[in-house]
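A.B. asks: Sequence:
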Amino acid sequence: MDRNGKGPAHPLPKRLIKSFLYQLIKGVAHCHKHGVMHRDLKPQNLLVDDSNPEQPLLKIADLGLARAFSIPVKSYTHEIVTLWYRSPEVLLGGTHYSTPVDMWSVGCIFAEMVRKTPLFPGDSEYQQLLHIFKVLGTPNEQTWSGVNRFRDWHEYPQWQPQDLTTLFKYKDTDLLEPSGLDLLKKMLKYDNSQRISAKEALNHPYFNDLDKEAIDALESPNII
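Residue numbers (our numbering): 1 to 224.
No lab work stands behind these hints: they were computed from the structure.
Beta-carbon label-pair distances, calculated as ranges:
1) Asp211 - Pro178: 14 to 24 Å
2) Gln160 - Asp216: 39 to 49 Å
3) Thr82 - Glu200: 18 to 28 Å
4) Gly35 - Ser145: 18 to 28 Å
5) Pro205 - Tyr170: 15 to 25 Å
6) Asp211 - Pro161: 29 to 39 Å
7) Lys171 - Arg151: 37 to 47 Å
8) Ala217 - Gln142: 37 to 47 Å
9) Thr143 - Asn52: 39 to 49 Å
Please read these numbers as outputs of a predicted model, since none were measured by experiment.
Beta carbons: idealized from backbone N, C-alpha and C, even for Gly.
Based on the sequences and whatever the hints tell you, model everything.
C.D. replies: Written out as C-alpha cells, the structure reads:
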C-alpha cells in the first residue's frame, strides 16, 4: 500500500485512498452486521491485491482478536489493538464497548493513508492518550459525558482541539477534501455513541464521486 515513500511529500493518489477506505469500511460493516468486532484494525492487517492496477483489491486479515458482540455490550479485555489505532475508551480502561472501537481504528488508518504518517504515534498508553488529546483537545464532561468515570481517567494537561485542516496540508496543498475531513471527524468522536457506524460511513458524501458499483463487483466480502 505504500511504495512511494513516507510523509506528506509522497501522498497516495486521492482516488486510491478513497477506494481503499471504502473497501475497508465495507469489510468492517460486514463484520459488524454478523456480530463481530475485529478489534485489531491496523495497516499491517490490510492486504492489497494489485493484480488489477486500475482497481486494487483490499482485504482485511488477522481476525485473531475478533470477538462476537451482543446488545447490550459485554465486558472485554482492553489489551487490544496496536496502540496507535486504539480508541480512547479502551485506552482509559473501558471494558464495556462495541463496534465503535473499530471505527476509531478506521479513522486512524484513514488519516495515515492521507498523511503517510501515523496520526497518534504514542509509545505507551499514557503517551497515546496525550497524542490524542493534543490533536482533538482534552475531553471533559461537556465534550464526552461520563469520561471521568473511566477506570484510568486522571487529570490530564488541558489542550484545545486543533484545526484538523492544518494537519492535512502540505505546503499549500490540501491533502484531504472537506467532505473527507468531515468523515474523519465523525470517526474520531470521543463519545463512541456519537461515532459514525460503518454502515453510515458507506453512504457519506465523501464517497459520492466513487464508482461504488465497480468496487461492489469485486470479490466480496473484503475479509480473509
